[in-house]
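Trainee: These are the residues of each chain, in order.
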Amino acid sequence: METRALQVNVDKCIGCRACSAVCPVGLIILTDQTAQRTVRFAAACLEDCTLCEPACPEGAIALTPGAPGAETTVGFDLLPCAACHTPFLTAPILSKLRAGLAAIGPADPSWLTLCPACRQTKQGQEMAGGRP
Amino acid sequence: MSGNMIHTDLSRCIACHACQEACGREHGGAKNVYLAASADRTVPLACRQCEPTPCLAVCLPGALRRAGDAVLVDDEKCTGCGLCLWACPFGVMGLSGNGRPAHTCDLCLARLERGSKPACVLTCPSKALAYGPYEDLAAPGRQRAAAIQVRAAAHSEGK
Chain A
1 METRALQVNV DKCIGCRACS AVCPVGLIIL TDQTAQRTVR FAAACLEDCT LCEPACPEGA
61 IALTPGAPGA ETTVGFDLLP CAACHTPFLT APILSKLRAG LAAIGPADPS WLTLCPACRQ
121 TKQGQEMAGG RP
Chain B
1 MSGNMIHTDL SRCIACHACQ EACGREHGGA KNVYLAASAD RTVPLACRQC EPTPCLAVCL
61 PGALRRAGDA VLVDDEKCTG CGLCLWACPF GVMGLSGNGR PAHTCDLCLA RLERGSKPAC
121 VLTCPSKALA YGPYEDLAAP GRQRAAAIQV RAAAHSEGK
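Chains as they are written, first to last, in this note's numbering: chain A, 1 to 132; chain B, 1 to 159.
These are calculated hints, taken from the structure and not from any lab test. Virtual Cβ for every residue (Gly too), placed ideally from N, Cα, C. Errors might be hidden in some of the hints.
Residues of chain A clear of chain B, computed beta-carbon distances all greater than 10 Å [said to hold, decoys possible]:
| hint | residue |
| --- | --- |
| 1 | Lys12 |
| 2 | Gln33 |
| 3 | Arg40 |
| 4 | Ala44 |
| 5 | Glu47 |
| 6 | Ala55 |
| 7 | Phe76 |
| 8 | Gln120 |
| 9 | Ala128 |
Among chain B residues calculated to face chain A with C-beta under 8 Å, some are [as the list claims (entries may be wrong)]:
| hint | residue |
| --- | --- |
| 10 | Ser38 |
| 11 | Ser116 |
| 12 | Ala119 |
Please model the entire structure based on the sequences and the hints provided.
Mentor: In structure tokens:
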């Protein structure tokens, strides 16, 4: 397998976990540090594998034959949970969720700005509040 | 669509976590039952198999699908992007330890197919969980709740 350049369109990347989760050799690393998410892409891939390219929901990754360029790093601010203020979601993902949910339900689903733990708490309180 | 669901009678839950453990055993370690603590209660939560289905609407690789009453994850197709987790109104989707695949309550479909019940329902020692059509399940809880209210009223009048 020849070396392939791992090219990333940083403007398309939304900071989801797909590429880092499917990469079997850890060439794409996602790190969350307080309110900042960083996705670091190696410059090249030597493996006989193309998992990351189709996994990217935005088509931001291209594996192209030839010499590697530079390592790519993409950074995102993480938006805070509306209830507990823990940073948890990138703005591009939030936009994507709003667009996806607009087709099936309320235009502005109120839960999207809550982190999953706070969604559980809210649900628990609502269920417990309605019953003796 | 038979309209069956897992129903929770909160007045019976003793917060023992047996439902969570049973779920994990049934699903290779992935626990799809969550216990939310409110002021004076613990509330077992799991996927509500929503219709329409937010997680399915945002799943880009097409890894989620409906099978009868349940929403199922195709482990091979799931990329672990996490969009379903952020779309879930109840915060009850999870990602496996190494990042993928996502996992959520499948109502223990394999058990249902052989005439059994979801593992959490079978395990619950206080019978707080039940599986069946909503109306059949909700009525006994409402009747018990009403009886408790009546007893409480009689008690306070007796003072």
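Trainee: State for each hint whether it applies.
Mentor: Consistency of the hints with the structure:
1. Lys12: The claim holds: A:Lys12 sits with its nearest Cβ about 13 Å from chain B, beyond 10 Å.
2. Gln33: Per Cβ check, A:Gln33 is outside 10 Å of chain B; nearest 17 Å; holds.
3. Arg40: Answer for A:Arg40: holds, closest chain B Cβ roughly 15 Å.
4. Ala44: holds (22 Å)
5. Glu47: holds (17 Å)
6. Ala55: Violated, because the least Cβ-Cβ distance between A:Ala55 and chain B comes to about 4 Å, which does not exceed 10 Å.
7. Phe76: With a cut-off of 10 Å, A:Phe76 remains clear of chain B, as the shortest Cβ separation is near 13 Å.
8. Gln120: violated (4 Å)
9. Ala128: violated (4 Å)
10. Ser38: Holds - the Cβ of B:Ser38 comes within 8 Å of chain A, reaching about 4 Å at its closest.
11. Ser116: violated (26 Å)
12. Ala119: violated (20 Å)
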